[in-house]
Amino acid sequence: MAAIATALRFTRKIDAPPEHLYHAFTTGMGLREWLAKVADAQTEKLNFFHLIWEDGGQVSGQYHDLEENRALRMTWRGLTDPDASTVRVGIEPQDGGSQLTLTHEFPAREGAWADVYARWEAGWPKALDNLEAVMTTGL
320 MAAIATALRF
330 TRKIDAPPEH
340 LYHAFTTGMG
350 LREWLAKVAD
360 AQTEKLNFFH
370 LIWEDGGQVS
380 GQYHDLEENR
390 ALRMTWRGLT
400 DPDASTVRVG
410 IEPQDGGSQL
420 TLTHEFPARE
430 GAWADVYARW
440 EAGWPKALDN
450 LEAVMTTGL
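Basically the working numbering = 1-based index in the sequence shown + 319.
These are calculated hints, taken from the structure and not from any lab test.
Incorrect hints may appear among the rest.
Each computed SDA-like pair below joins lysine to any residue, with the alpha-carbon atoms no more than 20 Å apart [to be verified]:
{"id": "1", "residue 1": "Lys356", "residue 2": "Phe367"}
{"id": "2", "residue 1": "Lys332", "residue 2": "Asn388"}
{"id": "3", "residue 1": "Lys356", "residue 2": "Arg396"}
{"id": "4", "residue 1": "Lys445", "residue 2": "Thr455"}
{"id": "5", "residue 1": "Lys364", "residue 2": "Gly347"}
{"id": "6", "residue 1": "Lys445", "residue 2": "Gly349"}
{"id": "7", "residue 1": "Lys364", "residue 2": "Glu451"}
{"id": "8", "residue 1": "Lys356", "residue 2": "Leu398"}
{"id": "9", "residue 1": "Lys356", "residue 2": "Thr330"}
{"id": "10", "residue 1": "Lys356", "residue 2": "Pro337"}
{"id": "11", "residue 1": "Lys445", "residue 2": "Ala335"}
{"id": "12", "residue 1": "Lys445", "residue 2": "His383"}
{"id": "13", "residue 1": "Lys332", "residue 2": "Trp353"}
{"id": "14", "residue 1": "Lys364", "residue 2": "Ser379"}
{"id": "15", "residue 1": "Lys356", "residue 2": "Gln413"}
{"id": "16", "residue 1": "Lys332", "residue 2": "Pro444"}
{"id": "17", "residue 1": "Lys364", "residue 2": "His383"}
{"id": "18", "residue 1": "Lys445", "residue 2": "Gly415"}
{"id": "19", "residue 1": "Lys356", "residue 2": "Gly457"}
{"id": "20", "residue 1": "Lys445", "residue 2": "Gly430"}
{"id": "21", "residue 1": "Lys332", "residue 2": "Glu352"}
{"id": "22", "residue 1": "Lys445", "residue 2": "Lys364"}
{"id": "23", "residue 1": "Lys364", "residue 2": "Glu386"}
{"id": "24", "residue 1": "Lys445", "residue 2": "Arg351"}
{"id": "25", "residue 1": "Lys356", "residue 2": "Glu424"}
{"id": "26", "residue 1": "Lys356", "residue 2": "Ile371"}
{"id": "27", "residue 1": "Lys332", "residue 2": "Gln413"}
{"id": "28", "residue 1": "Lys364", "residue 2": "Leu398"}
{"id": "29", "residue 1": "Lys332", "residue 2": "Arg396"}
{"id": "30", "residue 1": "Lys356", "residue 2": "Glu429"}
{"id": "31", "residue 1": "Lys445", "residue 2": "Asp374"}
{"id": "32", "residue 1": "Lys332", "residue 2": "Arg438"}
{"id": "33", "residue 1": "Lys332", "residue 2": "Ala433"}
{"id": "34", "residue 1": "Lys356", "residue 2": "Pro336"}
Have a look at the derived ranges for each label pair, beta carbon to beta carbon [what the hints assert, rightly or not]:
{"id": "35", "residue 1": "Gln381", "residue 2": "Gly409", "range": "29 to 37 Å"}
{"id": "36", "residue 1": "Asp334", "residue 2": "Lys364", "range": "26 to 34 Å"}
{"id": "37", "residue 1": "Arg328", "residue 2": "Pro401", "range": "31 to 39 Å"}
{"id": "38", "residue 1": "Thr456", "residue 2": "Glu429", "range": "25 to 33 Å"}
{"id": "39", "residue 1": "His369", "residue 2": "Asn449", "range": "27 to 35 Å"}
{"id": "40", "residue 1": "Glu363", "residue 2": "Thr422", "range": "37 to 45 Å"}
Quick caveat: nothing in here was measured; it's all calculated off a predicted structure.
Where a beta carbon is used, it is the ideal one built from N, C-alpha and C, also for glycine.
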């Protein structure tokens, strides 16, 4: 029997330099522009972030393995998530822009994780559409 995938992976070519994409994931202002209504992020000492959406949903976590303008890893836990998951972001320069790869890893895809997995399976493509729009048009 084949293993059930426990990771979502999205790759986008975005017409923005790597430093702009890195800023979008590692600063409160950057995260507010494309991902959440309220965002706080700190990468200097505490390495944390906290996001709040208009529907009351919240996610918080910590940054790890920060490679400026290239990569980062975040623990990711919503208020109703059974435990933390992991989000990895890779950014590579490509043809005057960047290739962004986002991988969201879950401990499981079934049971208590089924709704969480489904939420981000639908949510990340929309969020990355927003990121691309902000990076390319400023909207």
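Hint by hint, here is what the structure shows:
1. Lys356 with Phe367: Cα-Cα ~17 Å, so holds.
2. Lys332 with Asn388: holds (15 Å)
3. Lys356 with Arg396: Holds, at about 17 Å.
4. Lys445 with Thr455: Roughly 15 Å separates the two Cα atoms, so the pair holds.
5. Lys364 with Gly347: Between Lys364 and Gly347 the Cα gap is close to 15 Å, so the pair holds against 20 Å.
6. Lys445 with Gly349: holds (16 Å)
7. Lys364 with Glu451: violated (29 Å)
8. Lys356 with Leu398: holds (16 Å)
9. Lys356 with Thr330: With Cα atoms ~24 Å apart, Lys356 and Thr330 exceed 20 Å; violated.
10. Lys356 with Pro337: violated (23 Å)
11. Lys445 with Ala335: With a Cα-Cα distance of about 18 Å, the restraint between Lys445 and Ala335 holds, given a limit of 20 Å.
12. Lys445 with His383: It is violated: about 25 Å lies between the C-alpha atoms, which goes past 20 Å.
13. Lys332 with Trp353: OK: Lys332 and Trp353 at ~16 Å, within 20 Å.
14. Lys364 with Ser379: holds (16 Å)
15. Lys356 with Gln413: Violated, because 30 Å separates the two Cα atoms, which is more than 20 Å.
16. Lys332 with Pro444: holds (13 Å)
17. Lys364 with His383: Roughly 12 Å separates the two Cα atoms, so the pair holds.
18. Lys445 with Gly415: violated (24 Å)
19. Lys356 with Gly457: Satisfied, since the Cα-Cα distance of roughly 16 Å is no more than 20 Å.
20. Lys445 with Gly430: violated (25 Å)
21. Lys332 with Glu352: Holds, at about 19 Å.
22. Lys445 with Lys364: violated (31 Å)
23. Lys364 with Glu386: holds (15 Å)
24. Lys445 with Arg351: Holds. Lys445 to Arg351 sits at ~15 Å (cutoff 20 Å).
25. Lys356 with Glu424: Given pair Lys356, Glu424 is violated - Cα atoms ~24 Å apart, limit 20 Å.
26. Lys356 with Ile371: holds (6 Å)
27. Lys332 with Gln413: Measuring from Cα to Cα gives roughly 8 Å; hence the hint holds.
28. Lys364 with Leu398: violated (24 Å)
29. Lys332 with Arg396: violated (27 Å)
30. Lys356 with Glu429: violated (29 Å)
31. Lys445 with Asp374: holds (16 Å)
32. Lys332 with Arg438: violated (23 Å)
33. Lys332 with Ala433: Distance ~29 Å between Lys332 and Ala433 Cα, so the pair is violated.
34. Lys356 with Pro336: The hint is violated at about 24 Å.
35. Gln381 with Gly409: 29 to 37 Å: Taking Cβ atoms as reference, Gln381 and Gly409 lie about 18 Å apart, which means the hint is violated.
36. Asp334 with Lys364: 26 to 34 Å: holds (33 Å)
37. Arg328 with Pro401: 31 to 39 Å: violated (22 Å)
38. Thr456 with Glu429: 25 to 33 Å: violated (39 Å)
39. His369 with Asn449: 27 to 35 Å: Since the Cβ atoms of His369 and Asn449 sit about 19 Å apart, the hinted range of 27 to 35 Å is violated.
40. Glu363 with Thr422: 37 to 45 Å: violated (25 Å)
Hint compliance for this structure: hints 7, 9, 10, 12, 15, 18, 20, 22, 25, 28, 29, 30, 32, 33, 34, 35, 37, 38, 39 and 40 are broken, all remaining hints hold.
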